[in-house]
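I would like the entire structure built from these sequences, with the hints used as guidance.
The primary structure of each chain is shown beneath.
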Amino acid sequence: MSREAHPALPEFDYIKPKSLSEAASFLAEHVGEARPLSGGTDIFVRMRDGVFREKYLVDIKGLDGTDEIAFNPKAGLTIGAAVSMNRVSAYEAVQKHYPLLADASNSVASYQLRNRATVVGNICNASPAGDTIGACLLYSGVLNVHGTDGERQEPLSTFFKGPGQTTLKTGDMATALHLPLPPKGFVGKYLKLNRNNRGDLAIVGVTACAYPNKDVPSGHSVKIALASVAPTPLVVTAVEEFFQKEKLTEVSISEAAQIAMGACKPIDDVRGTARYRKMMVRNLTQQALSAILVKL
Amino acid sequence: MTVHTITVNVNGEDEIVEVPAHWTLLQMLRYRMGLVGTKNGCAGGECGACTVMLNGAPVNSCMVLGVECDGAKIITVEGLSHDGQLDPVQQAIMEAGGVQCGFCTPGVLISARALLDRTSKPTEAEIQEALVGNLCRCTGYVRIIEGIKQAAKLQKP
Numbered sequence: 001m002s003r004e005a006h007p008a009l010p011e012f013d014y015i016k017p018k019s020l021s022e023a024a025s026f027l028a029e030h031v032g033e034a035r036p037l038s039g040g041t042d043i044f045v046r047m048r049d050g051v052f053r054e055k056y057l058v059d060i061k062g063l064d065g066t067d068e069i070a071f072n073p074k075a076g077l078t079i080g081a082a083v084s085m086n087r088v089s090a091y092e093a094v095q096k097h098y099p100l101l102a103d104a105s106n107s108v109a110s111y112q113l114r115n116r117a118t119v120v121g122n123i124c125n126a127s128p129a130g131d132t133i134g135a136c137l138l139y140s141g142v143l144n145v146h147g148t149d150g151e152r153q154e155p156l157s158t159f160f161k162g163p164g165q166t167t168l169k170t171g172d173m174a175t176a177l178h179l180p181l182p183p184k185g186f187v188g189k190y191l192k193l194n195r196n197n198r199g200d201l202a203i204v205g206v207t208a209c210a211y212p213n214k215d216v217p218s219g220h221s222v223k224i225a226l227a228s229v230a231p232t233p234l235v236v237t238a239v240e241e242f243f244q245k246e247k248l249t250e251v252s253i254s255e256a257a258q259i260a261m262g263a264c265k266p267i268d269d270v271r272g273t274a275r276y277r278k279m280m281v282r283n284l285t286q287q288a289l290s291a292i293l294v295k296l
Numbered sequence: 001m002t003v004h005t006i007t008v009n010v011n012g013e014d015e016i017v018e019v020p021a022h023w024t025l026l027q028m029l030r031y032r033m034g035l036v037g038t039k040n041g042c043a044g045g046e047c048g049a050c051t052v053m054l055n056g057a058p059v060n061s062c063m064v065l066g067v068e069c070d071g072a073k074i075i076t077v078e079g080l081s082h083d084g085q086l087d088p089v090q091q092a093i094m095e096a097g098g099v100q101c102g103f104c105t106p107g108v109l110i111s112a113r114a115l116l117d118r119t120s121k122p123t124e125a126e127i128q129e130a131l132v133g134n135l136c137r138c139t140g141y142v143r144i145i146e147g148i149k150q151a152a153k154l155q156k157p
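From first to last, the protein sequence lines are chains W and H. Under the numbering used here, the first sequence has 137 at position 137, and the numbering climbs by one with no breaks. Under the numbering used here, the second sequence has 3 at position 3, and the numbering climbs by one with no breaks.
One should not assume that every hint holds.
Restricting the straight-line Cα-Cα distance to at most 25 Å, the calculated cross-link-like pairs of lysine to any residue (SDA-like) are [said to hold, decoys possible]: (1) W/Lys96 x W/Lys55; (2) W/Lys223 x W/Val270; (3) W/Lys295 x W/Ile259; (4) H/Lys149 x W/Gly199; (5) W/Lys16 x H/Lys156; (6) H/Lys121 x W/Asp103; (7) W/Lys18 x H/Met1; (8) W/Lys96 x H/Glu146; (9) W/Lys214 x W/Glu250; (10) H/Lys73 x W/Gly62; (11) W/Lys55 x H/Val3; (12) W/Lys16 x H/Ile16; (13) W/Lys61 x H/Glu18; (14) W/Lys61 x H/Gly56; (15) W/Lys18 x H/Thr7; (16) W/Lys16 x H/Met1; (17) W/Lys61 x H/Lys149; (18) W/Lys61 x H/Ala21; (19) W/Lys18 x H/Asn9; (20) W/Lys247 x W/Thr237; (21) H/Lys73 x W/Glu68; (22) H/Lys121 x W/Asn86; (23) W/Lys16 x W/Asp64; (24) W/Lys16 x H/Val17; (25) W/Lys18 x H/Lys73; (26) H/Lys73 x W/Asp59; (27) W/Lys18 x H/Gly71; (28) W/Lys18 x H/Glu18; (29) W/Lys55 x H/Met1; (30) W/Lys55 x H/Ala21; (31) W/Lys61 x H/Asp70; (32) W/Lys16 x H/Glu18; (33) H/Lys156 x H/Pro122.
Covered by chain H, according to a simulated footprint, are these stretches of chain W (three or more residues, beta-carbon under 8 Å) [claimed, not checked]: (34) 10-16; (35) 43-49; (36) 111-120.
Think of the hints as simulated: they come from the structure by calculation, not from any bench. From a predicted model like this one, the values you see are computed outputs, not experimental measurements. For glycine and all other residues, C-beta sits at the position ideal for the given N, C-alpha and C.
Pasting the structure below:
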């Protein structure tokens, strides 16, 4: 059927259910044959490449409030699964309370693509390079999941199992991401190394944050999350533990950068070698924490 | 092959279209509606040659299914001019010499129109940011960016 120079999408049917329950039932009745569709920006690429071969795409956009974004000054932010990255980064409460998420969203691909791509989709796609995942991890994000057995919550800290692998099972759909209110004085920074300035996937991504915390001896909690240097997005707990005792200074930052370099497990691929990635983890961690130190 | 019948408003006209489920909006526009101004470049959401306006926002039409556009409003490059009058972005980019081979032009025009819709006086940095998803291998972008600056001046306030 295709008259294109590039491969068209393989044949499948498009299902538009009326509710999330209907979608979940359809997915459960068609194990291995159906996949939930939101923005589609990852799915269509994988279908064209022959990686995904589902017979049905089940469009869950807009079902039962999945296209809503809402902020509550006590409870925090809830981002529906169908809310595009451009809507997230333009949302006033995101700019004010979650600027790290706005920065991370804006670093993804292009404006056109971000009108379709979603933050929840970025998380569920579970690419080690996912730009928004680091910010969502550091903001202690929790996914609302609608499955065949009803609703449940999945903390992002235990969600990722491997490249493209998560705790989601057949029939499960992530319906929203919830981010609690960040701790007072939260300062964050996302640094992304690309082959070109904009629009590329991360060779290495470093998301870092710090905030005052009276419960630790140093007086500050410091966390980092790394992208593209392990089979899953990686929160380096060794850095967090290091800064429980150490105050954030130029000297301790250099030491933490070495710890981060040692903790990551990158591979060689088309975008960079493992050795280069490790060194860039060290350098970007140093840069990100230094930028935070100035603002803290 | 499953075919869906949808209603879609393209360039101001309501149309009823029969579209296979796996066809993209790009295929629907080119092969069902004869709107071949929108180009197929990479078919992977990278080059932006297929950019169209979907409900007022620019999207890569190779990354949207035709059937997803049931009830939607689409503007393609063919819908930019009105009553024989070119859109300011068309006029200005043409006059600035921002067109060489022309393959990226339809997508660039839509991205430029969308930028001026959301920011009437964009800075150079904002123009560059808006064009991240529109690859041009001829012009080096300088004249396209110049054209968009001129278009912002040509626009009625």
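These are the hints, each one checked on the structure:
{"no.": "1", "hint": "W/Lys96 x W/Lys55", "verdict": "violated, 42 Å"}
{"no.": "2", "hint": "W/Lys223 x W/Val270", "verdict": "violated, 29 Å"}
{"no.": "3", "hint": "W/Lys295 x W/Ile259", "verdict": "holds, 23 Å"}
{"no.": "4", "hint": "H/Lys149 x W/Gly199", "verdict": "holds, 22 Å"}
{"no.": "5", "hint": "W/Lys16 x H/Lys156", "verdict": "violated, 42 Å"}
{"no.": "6", "hint": "H/Lys121 x W/Asp103", "verdict": "holds, 23 Å"}
{"no.": "7", "hint": "W/Lys18 x H/Met1", "verdict": "holds, 23 Å"}
{"no.": "8", "hint": "W/Lys96 x H/Glu146", "verdict": "violated, 33 Å"}
{"no.": "9", "hint": "W/Lys214 x W/Glu250", "verdict": "holds, 21 Å"}
{"no.": "10", "hint": "H/Lys73 x W/Gly62", "verdict": "holds, 17 Å"}
{"no.": "11", "hint": "W/Lys55 x H/Val3", "verdict": "holds, 14 Å"}
{"no.": "12", "hint": "W/Lys16 x H/Ile16", "verdict": "holds, 18 Å"}
{"no.": "13", "hint": "W/Lys61 x H/Glu18", "verdict": "holds, 22 Å"}
{"no.": "14", "hint": "W/Lys61 x H/Gly56", "verdict": "holds, 18 Å"}
{"no.": "15", "hint": "W/Lys18 x H/Thr7", "verdict": "holds, 18 Å"}
{"no.": "16", "hint": "W/Lys16 x H/Met1", "verdict": "holds, 17 Å"}
{"no.": "17", "hint": "W/Lys61 x H/Lys149", "verdict": "violated, 36 Å"}
{"no.": "18", "hint": "W/Lys61 x H/Ala21", "verdict": "holds, 16 Å"}
{"no.": "19", "hint": "W/Lys18 x H/Asn9", "verdict": "holds, 23 Å"}
{"no.": "20", "hint": "W/Lys247 x W/Thr237", "verdict": "holds, 16 Å"}
{"no.": "21", "hint": "H/Lys73 x W/Glu68", "verdict": "holds, 21 Å"}
{"no.": "22", "hint": "H/Lys121 x W/Asn86", "verdict": "holds, 20 Å"}
{"no.": "23", "hint": "W/Lys16 x W/Asp64", "verdict": "holds, 13 Å"}
{"no.": "24", "hint": "W/Lys16 x H/Val17", "verdict": "holds, 17 Å"}
{"no.": "25", "hint": "W/Lys18 x H/Lys73", "verdict": "holds, 22 Å"}
{"no.": "26", "hint": "H/Lys73 x W/Asp59", "verdict": "holds, 19 Å"}
{"no.": "27", "hint": "W/Lys18 x H/Gly71", "verdict": "holds, 16 Å"}
{"no.": "28", "hint": "W/Lys18 x H/Glu18", "verdict": "holds, 22 Å"}
{"no.": "29", "hint": "W/Lys55 x H/Met1", "verdict": "holds, 11 Å"}
{"no.": "30", "hint": "W/Lys55 x H/Ala21", "verdict": "holds, 11 Å"}
{"no.": "31", "hint": "W/Lys61 x H/Asp70", "verdict": "holds, 13 Å"}
{"no.": "32", "hint": "W/Lys16 x H/Glu18", "verdict": "holds, 16 Å"}
{"no.": "33", "hint": "H/Lys156 x H/Pro122", "verdict": "holds, 15 Å"}
{"no.": "34", "hint": "10-16", "verdict": "holds (count 5)"}
{"no.": "35", "hint": "43-49", "verdict": "holds (count 3)"}
{"no.": "36", "hint": "111-120", "verdict": "holds (count 5)"}
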